[in-house]
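Colleague: Residue numbers (the numbering used here), protein chains in the order written: chain A, 1 to 474; chain B, 1 to 474; chain C, 1 to 474.
None of these hints come from the bench; they were simulated from the model.
Some hints here could point you the wrong way.
As the list makes no split between identical chains, a pair holds if one copy fits it or if it spans any two.
For lysine-lysine, the following DSBU-like pairs were computed, each having C-alpha atoms within a straight-line distance of at most 35 angstroms [said to hold, decoys possible]:
1) Lys11 <-> Lys214
2) Lys341 <-> Lys11
3) Lys11 <-> Lys287
4) Lys214 <-> Lys52
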Amino acid sequence: MQLQRFWCRAKNPDVRISLPVVCFVWQIAMIILFGVFVRYDEESDAHWSEHKREKNITSDIENDFYYRYPSFQDVHVMIFVGFGFLMTFLKRYSFGGVGFNFLIAAFGLQWALLMQGWFHALDPADGQIKIGIENIINADFCVAGCLIAYGALLGKVSPVQLMVLTLFGIPLFAVEEYIILHVLHVRDAGGSMVIHTFGAYYGLTISWILYRPKLDQSKRLNGSGYHSDVFAMIGTLFLWMFWPSFNSAISDHGDGQHRAAINTYLALASSVLTTFAISSLSAKRGKLDMVHIQNATLAGGVAMGTAAEFMITPYGSLIVGFCCGIISTFGYLVITPFMEKYMKIQDTCGVHNLHAMPGVLGAVVGAITAATASESVYGHEGLVNTFDFKGKYAERTPATQGGFQAAGLCVALAFGIVGGAIVGFILRLPVWGDPSDDNCFDDEVYWEVPEDEESIPPILEYNSHMVGKYADRM
Amino acid sequence: MQLQRFWCRAKNPDVRISLPVVCFVWQIAMIILFGVFVRYDEESDAHWSEHKREKNITSDIENDFYYRYPSFQDVHVMIFVGFGFLMTFLKRYSFGGVGFNFLIAAFGLQWALLMQGWFHALDPADGQIKIGIENIINADFCVAGCLIAYGALLGKVSPVQLMVLTLFGIPLFAVEEYIILHVLHVRDAGGSMVIHTFGAYYGLTISWILYRPKLDQSKRLNGSGYHSDVFAMIGTLFLWMFWPSFNSAISDHGDGQHRAAINTYLALASSVLTTFAISSLSAKRGKLDMVHIQNATLAGGVAMGTAAEFMITPYGSLIVGFCCGIISTFGYLVITPFMEKYMKIQDTCGVHNLHAMPGVLGAVVGAITAATASESVYGHEGLVNTFDFKGKYAERTPATQGGFQAAGLCVALAFGIVGGAIVGFILRLPVWGDPSDDNCFDDEVYWEVPEDEESIPPILEYNSHMVGKYADRM
Amino acid sequence: MQLQRFWCRAKNPDVRISLPVVCFVWQIAMIILFGVFVRYDEESDAHWSEHKREKNITSDIENDFYYRYPSFQDVHVMIFVGFGFLMTFLKRYSFGGVGFNFLIAAFGLQWALLMQGWFHALDPADGQIKIGIENIINADFCVAGCLIAYGALLGKVSPVQLMVLTLFGIPLFAVEEYIILHVLHVRDAGGSMVIHTFGAYYGLTISWILYRPKLDQSKRLNGSGYHSDVFAMIGTLFLWMFWPSFNSAISDHGDGQHRAAINTYLALASSVLTTFAISSLSAKRGKLDMVHIQNATLAGGVAMGTAAEFMITPYGSLIVGFCCGIISTFGYLVITPFMEKYMKIQDTCGVHNLHAMPGVLGAVVGAITAATASESVYGHEGLVNTFDFKGKYAERTPATQGGFQAAGLCVALAFGIVGGAIVGFILRLPVWGDPSDDNCFDDEVYWEVPEDEESIPPILEYNSHMVGKYADRM
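With the rest of the complex left out, here is chain A (with noise of 0.2 angstroms):
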């Protein structure tokens, strides 16, 4: 009875002591942990021109900043751009779309550093971290996960159960990255399993444990706008743009970079193709969805993931373009509906269908381009190094390593659904501030919206005495 009564207290959606206090705490636990863990690497430590000569390293524009900083500008224009502005397509929730999304990366990336750094890049010699721009591309990719579960929830949740949501999405992430790519050996460079299909399917889960049977009350702000659908289409460009460098951003140096960088512009191309063809046949006198097209358009991005960096071919490329745009609409116009009718699923901005269908489909491309490589095409070294086959992986052949990829999509699965139940439950608890039914996709929850431009009050009135909130901002 008591247990009953905690459970379905009525929402209060009051944030000022909670929110202040995680963002406190966690932040100065950051400042802590990094004093005592994390410091520069060779290549951004002043020891640089020592190393440099140790090395035989000729020229400054060998340090690794050179060869991967511009594909790391442009990961970080997507992480905060990109996913920020396509989720301001709600009429009223572009402030929490691009606000929340800027504080949990802003938090996210401080934490993968950390622990994407315990797993991957710790120093054997003196136990600590060492970071360079390698580590920050990595951290931002690690926080993409978070940012795809948060688009399940727009809109639905509190700012403190996204910052919960981070925390342990996070670790779940090192984790799940680690297996993948160190025990399994998996090649996954633009995230189609760690990423993406992670994810989609954290966020899908706690979706599912969070599900709100009286949602529709909140119907009449669950849409769009004429702004806010342009808004949205700056999130989608930059992602667009700027995919070829997020599948690029960590491959190999040389052809690995430059050969994901075209994979991915052609499949990218290829989906736009595909989703305007279904938009239009879906709809009465062939209207398009601005839905859509925000979204499924870049499907071919998240479905050339793990293959980019791949021989998959040019046409390889727009082939797997041309089936992600289509599952991807198809996914809008049935699955979602479905989803959330029969599997009590509510995905607001239809994650399922732009990175847990389109990461599962890259997933197994990935594994049967890398299954069926071959040394006529790639070259005795071009394998060998694209496949990082070195080491006590030198023995390991081409359909062997398909099996290890295929391997890797169980692991991301996994921890994406069993790490989603067990967060999903956390946020249940009704401590966290999230709104009520009735008050989803409403930015007046968490942020002082300003009144409306039409009503400003017309000129004669300026002489009174207004206390309103402008009055504060002069």
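Place chains B and C on chain A using the hints.
Modeller: Same frame as chain A, now just chains B and C:
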């Protein structure tokens, strides 16, 4: 009589069959053609490490990817966000502006890789097109020609017509480019002739043939809104900021790229000041017009397309920008209304002012700069490198080069006008689903447009069963 | 009496003569001065291939262009989209925010190339300024100082006043920079002192002198709207994402750029969390304020401007960001209203909170970090390279350097305040076309503003002859 009825039947903008068919068939054709013809070049192929050894290349950083990828991404942003958002300025055609731009660019870049490949990148050894970073930059350039043409037609054509415009525009571009750059051995790294002059006259000629005498029936929608003007500024600024990358993206490694970026940067800055000056001078009380600021400020970049990589000197660049800002703004004030009234050319975005006139001027500036080049200014090697006076062109003098540059302009004009005339007649066939005169500039025709934010039903109604469009999105 | 009438005559915001005259005359002056003084440097000149041979440079990739161009483009985006869109937050001053920012930046960068060139890049051999990529980055930096000053004045000044502000601001900046960087040999690669402290106090002093006691007559417009707040987030995010490029753009090749980027990345992330915390803590029900999120999240980048290239350690960066988020948000809550009420400083964008306080803090942090530098942390070579202890500074110790760093801050403050006072008095002359007190923050004064989307005439009227403003645009 039958024919009469065929040509004049009422417009039916239903594209439910035609758009999906066009998208599917053409995308499948791309896949087949890529399968037969397109492979990676030696810098994006897994054999790169062997190639490196053969050519004595000491470092991966020498891969062309690292010279050009940052510029490529900037160009990519110009194509999709730059052109796309520049065309969102109409108050109710923002979806069409940014969305159809997205569609035809995604198709066009694939088609351009093929067409340009056949003309410029065919490997004689195996008859295949080998692609790398420079090819995808060139594909983006090629697409720009068609997007410029779209600017003249914005709001008056269907997406199917735009696909047809692109289908023909890309090969026209590729042939024109082949004649100008290879047959005439003209230098045009930023495409004043090849891209801007061609694209603008191609679009204007089509617009002339598709002239709508009763277009003022849509006059209520043929204008901007406050927010749509701010959206358009996103496009303007990304074009403006990244134009130095556009003009330097495929110019020579080293000083060529360096100088092209600096010259373009200066010309653009100069254009801004004269645009503001003329815009203010022309209006009552000196009020500025957003149309001028959004467009004429870019004219300096167009006009530096040919000469940017030459030793035009910093002050030469400023002079070019100075003139272009004036000419272009003047065009918006005087020439566009004149062309519409007396020449029956309806030019929605004013591409005549932004691309045609500055493009022609840029070609002339380029010809003069080339003709006056000398070894005292360039140095012997510099002159040879800049104008590529090698092989069978080793004996060409700067003066001769100037003449060929001028000939290049004529080729671009001819292709634009003749090509536009032919394609214009094809687009007049009443089967492409274009809107009626009173439905132009209206997203409602081809898009599911959300109801406005202002019409959010009051909270009282949320329990009633809404069967509206938002229900599906939940 | 006559004088009294001169100073107090009614405002007339007609700039039809003054703005075009200023733009034309100053642009022509630029052309002449560039003609006399500005040439390409050895890396952007066609003699590069000879220069390469002389200096034994083996590859074009060693051209400074490839080290700095990606960072340059990021900085360029910050100047035009970052600052521009950050200033669109007012509900009816978005045109002025982004448009006048565009104008003065385009003028300022030309003027800065000259002024900075005379002080820093004069070739003693021929008395000319030789420009390359580093110069145009520095010109963008110089412009940033004036744009910060604009932030304090947003909505209250005419474009002519802004041009005057820039005309004087650039030389003040160049002299101040010369004294700080060259005379005092201070390190300030990201400009905490040189750019932010100077720019902010320059603007605040001008605002103090231009104090408008009756500004509350415009109170109805001095606030944001829902969409204008989302537009401003575009500016915020591009500033936030690209700040690592800002602070690393001109620091040393290799580890210097690498470390500066990482440190700035971390400080910015940390600022976000404390900004959200304080913003939420300060409002009823924990509601977040967009003004804080748009601005205070950036404070960490400002404060890392000096120390980013030093070995401040990753946790040191986090601590700086932590403090700045708190101080800056606190400034918006308490100090800005205090300054307006008691100190008669009206600071529209709150530059005191975003630039002045974090800038001063950044200078102090830089001085301390420099003073505590040691060979054990930097290595001998690292210390010499980082602080440039070469030539006549070879004997300077870190402790002395710390003292000079602190002296640099005083110079920046002095130039900002004294320069601002002088320019403020010039701007009070009643000839510059500034708006009256009840017309501030209103685009109607200087722009042709389209009627709102909401006022689209119903379709019934389309046959009547409209003679409205849109007619010209068709």
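Colleague: At 35 angstroms max between alpha carbons, let me know whether Lys11 reaches Lys214 within a copy, between copies, both or neither.
Modeller: Classified as within: same-chain Cα gap 13 angstroms, cross-chain 45 angstroms, threshold 35 angstroms.
Colleague: From the Cα coordinates, with 35 angstroms as the cut-off, is the pair Lys341 and Lys11 best called within, between, both, or neither?
Modeller: Cα proximity of Lys341 and Lys11: one copy only (24 angstroms, versus 40 angstroms across).
Colleague: Cα distance capped at 35 angstroms. Does Lys11 pair with Lys287 within a copy, between copies, both, or neither?
Modeller: between (40 angstroms within a copy, 16 angstroms between copies)
Colleague: For Lys214 and Lys52, with the copy left unspecified, which applies at a CA distance of at most 35 angstroms: within, between, both, or neither?
Modeller: Neither, since 63 angstroms and 63 angstroms both go past 35 angstroms.
The earlier numbered hint that this structure contradicts is number 4, and it is the only one.
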